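Hey, can you piece these two chains together into the complex? The hints should help.
Chains as they are written, first to last, in my numbering: chain A, 1 to 215; chain B, 1 to 219.
Hints in this document: simulated from the structure, not taken from any laboratory. Just so it is clear, the structure is predicted and the values come from calculations on it, not from any experiment. Hints should not be assumed to be uniformly reliable.
Unchecked claim - Heads up, simulated DSSO-like pairs for lysine-lysine below, C-alpha to C-alpha not over 30 Å straight-line: (1) LYS181(A) to LYS43(B); (2) LYS40(A) to LYS193(B); (3) LYS23(A) to LYS86(B); (4) LYS78(A) to LYS86(B); (5) LYS6(B) to LYS152(A).
Claimed, not checked - If we take Cβ atoms under 8 Å as the criterion, some of the chain A residues that face chain B in the derived model are: (6) ARG67; (7) GLY86; (8) LYS87; (9) VAL89; (10) ALA103.
Ideal Cβ positions, reconstructed from N, Cα and C, are used throughout, including at glycine.
What follows is the residue order along each chain.
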Amino acid sequence: MVVKVYGPVFASPKRVLVCLVEKEIEFEGVPLDLLKGEHKDPEFLKLQPFGTVPVTQDGDYVLYESRAILRYYAEKYKSQGTDLLGKTVEERGQVENWLEVEAHNFNPHVFNLTLHVMFSSKLGIPRDENVIKESEEKLGRVLDIYEERLSKSKYLAGDFFSLADLSHLPFTQYLVGPIGKEYMITSRKHVNAWWNDISSRPSWQKVLQLYPAPL
Amino acid sequence: MATPVKVHGPPLSTAVSRVLACLIEKDVPFQLIPVNMAKGEHKSPDFLKIQPFGQVPAFQDEATSLFESRAICRYICEKYPEKGNKGLYGTNPLAKASIDQWVEAEGQSFNPPSSVLVFQLAFAPRMKLKQDQSLISQNEAKLEKVLDVYDKRLGESRFLAGDDFSLADLSHLPNAHYLVNAAERGELFTSKKNVERWWGEISSRDSWKKVVDMQKQST
Numbered sequence: 001m002v003v004k005v006y007g008p009v010f011a012s013p014k015r016v017l018v019c020l021v022e023k024e025i026e027f028e029g030v031p032l033d034l035l036k037g038e039h040k041d042p043e044f045l046k047l048q049p050f051g052t053v054p055v056t057q058d059g060d061y062v063l064y065e066s067r068a069i070l071r072y073y074a075e076k077y078k079s080q081g082t083d084l085l086g087k088t089v090e091e092r093g094q095v096e097n098w099l100e101v102e103a104h105n106f107n108p109h110v111f112n113l114t115l116h117v118m119f120s121s122k123l124g125i126p127r128d129e130n131v132i133k134e135s136e137e138k139l140g141r142v143l144d145i146y147e148e149r150l151s152k153s154k155y156l157a158g159d160f161f162s163l164a165d166l167s168h169l170p171f172t173q174y175l176v177g178p179i180g181k182e183y184m185i186t187s188r189k190h191v192n193a194w195w196n197d198i199s200s201r202p203s204w205q206k207v208l209q210l211y212p213a214p215l
Numbered sequence: 001m002a003t004p005v006k007v008h009g010p011p012l013s014t015a016v017s018r019v020l021a022c023l024i025e026k027d028v029p030f031q032l033i034p035v036n037m038a039k040g041e042h043k044s045p046d047f048l049k050i051q052p053f054g055q056v057p058a059f060q061d062e063a064t065s066l067f068e069s070r071a072i073c074r075y076i077c078e079k080y081p082e083k084g085n086k087g088l089y090g091t092n093p094l095a096k097a098s099i100d101q102w103v104e105a106e107g108q109s110f111n112p113p114s115s116v117l118v119f120q121l122a123f124a125p126r127m128k129l130k131q132d133q134s135l136i137s138q139n140e141a142k143l144e145k146v147l148d149v150y151d152k153r154l155g156e157s158r159f160l161a162g163d164d165f166s167l168a169d170l171s172h173l174p175n176a177h178y179l180v181n182a183a184e185r186g187e188l189f190t191s192k193k194n195v196e197r198w199w200g201e202i203s204s205r206d207s208w209k210k211v212v213d214m215q216k217q218s219t
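Only chain B is shown next, with the shape it has when bound in the complex (with noise of 0.2 Å):
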């Protein structure tokens, strides 16, 4: 029996979020270590070893120790091709390039302007922050020209890499769903006809249900 990998981080953070879809939608099993940021946990020596630029999540399979969500997301896919979701990470060269055009395009154009979103919006009340009003704004008009290009992608296609969901959409899962739930900027998905029934659809898979009932548990 193989020794379940292990993700080093809270729930609740997105890039830890995204890293469990994978797993959860690969069916691969996997043990979940707390790191208590509010502590400061992830700026100690212990942690720094496992991820030098003191973010979650850290990794480690075995002997193999990695970081960066979206990279620990391919590592899964590649390592367990014939476990859970095969289609993940496409079948062909052709599907996998697709998603990794768009994997780019969530890490390039749709995260930075969401996440300073969800920090100002989700994070920075809670955490008793003072918001910028500005930066608020200035996302909010980069995120729209973004979603405009994806409403016009997802009139041609089902999902954004293709026909079938993919690392590509996973990929958006935990900024979007913060977006929507903790942010009130839903209407940014929901004011754009393609972009509303495509959230509809990866929002109501199992997997990301799972995670963010392991989310709600956190708290």
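Pulled out of the complex, with its shape left as it was, chain A reads as follows (with noise of 0.2 Å):
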């Protein structure tokens, strides 16, 4: 069965694709322009009432959240591709400590980043100059401590790749490209190594292909 994934141009399906490609998954890419507003169509809130992408179609089952998902087809898939989940509970345990940090340490500074720096003008939204500072004051703070964390360990939840990783990777993607802002990567140095290897890997560098930044 191919899995439809909604919205593949944009960084957080691509959570989704690089997951689908890392675990040897086929999926199908289903477009989807928020640009034109078109996640607030009726008929996409009856399949993601939050009006957010991405959202996943394996068959008839739907599923929404890209974490949820991740978590989904990296447990399904196991014993195919790369194991995303480590090989014990404690294992697993550091995967989601490192997953929730991406989720709510990170991701909020760079989307904040993403939304005020690359489409404000294009979502008809003001571009808040204070916000693009705040951000990006907490968003080196996080660097910093991840700094530490990397130069005592080669991944975030251990001396494997996983998802605490990989749902780093589309929007430190914008960072170091069109936000401007690759230097937050480069001046550190555990980090930096940390980036160059997960960016990369093949899975990451096909998704790229696929599926071009939409600006």
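Rendered as structure tokens:
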């Protein structure tokens, strides 16, 4: 069965795409233009009542929230492709720990930068320089903690690549690219080495080739 | 006899109380280790070793050290599947995926506006900090829209992820409790028929009542 993924050119759906490539699961992107407000169409809201992407459709089975989708497919296909969850309950605990760190400590700030630096004019919202400045400062403090962690551990959850690292790929790609703040990564030795490692994985390169960024 | 797990943090903290509720539902013995945040203990070098972001809770289960309340809850459910409420994180992959979807919805859509309101309305006055009225009205509006989605869902399903109480519902207890009981925002929940029914059910669970008792005893 081919898994359909809505909004493949956008960042959050790319978490799902790179996971599916790592797990060797076939998928099909379903275009949805957020810039035209298609995520607020009544038909889409029937699938995802909060009006956000991604949504996956696997036959009749519909699931939303990228990190929930990651967990489901990583577990369902545990014995196929890359193991993204760790080998023990304890390793899984570390994966969950750093996936939550990404969701609550990392993502909010890089998301604000994405919204205001990349998309504000396209969405007709005012670009707020205070939000940009604050988000950059907060993200910097988070990356300092990552630097310390990654000086002791090759990947976030331990010595193995996992969902926790994977979840950072799409928005960090924006950070070093169109947001224009590559220095935040390159100025931190261990974060830089980690970023080079995870972003040069063939799975991520494939996703970038298939669905170049919308801007 | 296994060593009780350790939870570091004050029970009044929403994230700490999320973990306590899960431990009580799962009947997993624990030791609560106080952290005096007013004295800045969560920023001390010793605490930063177990939680480098200087946030509560931190958690230890023998050699395993974890943080982030929702990660700790998932770990507890996976490590102790046969204890207490066995269905808390689902007993099959589809149930678990639905629970994860709604725990994510809580974390991404419910938590941000409700956390701002809890801080502004329940904590700021007690800490003698000035309230930001525009932040309050912006986040009330956001939370209303989220609860509209919840009301529709809870018209189709007894609990958020399905027919049974799960981690997804539990995850909402801490912030909702303060909104209803310490911020005079009960109407957010009582003005929507299905949300009201759901809130009544989940907040009257024995496990949550025990957490509220722990919170009261700590003041």
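Okay, the hints, checked on the actual structure:
Between LYS181(A) and LYS43(B), the direct Cα distance comes to roughly 28 Å. Compliance with the 30 Å bound is thereby established for this hinted pair. Note on LYS40(A) and LYS193(B): the hinted pairing holds, with a Cα-Cα distance of about 25 Å set against a maximum of 30 Å. At most 30 Å may separate the alpha-carbon atoms for a hinted pair to count; LYS23(A) and LYS86(B) meet this at roughly 29 Å. For the suggested pair LYS78(A) and LYS86(B), the alpha carbons sit about 23 Å apart, so the restraint of at most 30 Å is met.
For the proposed pair LYS6(B) and LYS152(A), the alpha carbon gap of about 24 Å is at most 30 Å, so the pair holds. Checking ARG67(A) against chain B: minimum C-beta separation of about 5 Å stays under 8 Å; hint holds. Interface hint at GLY86(A): violated, since its Cβ lies 11 Å from the closest Cβ of chain B, which is beyond the 8 Å cut-off. Interface restraint check for LYS87(A): the shortest CB-CB distance to chain B comes to about 13 Å, outside 8 Å, so the restraint is violated.
At its closest, the beta carbon of VAL89(A) sits 5 Å from a beta carbon of chain B; the interface hint therefore holds under the 8 Å criterion. Contact between ALA103(A) and chain B, as hinted, is supported at the beta carbon level, the nearest pair being about 6 Å apart and thus within 8 Å.
Consistency note: the structure conflicts with the earlier hints numbered 7, 8.
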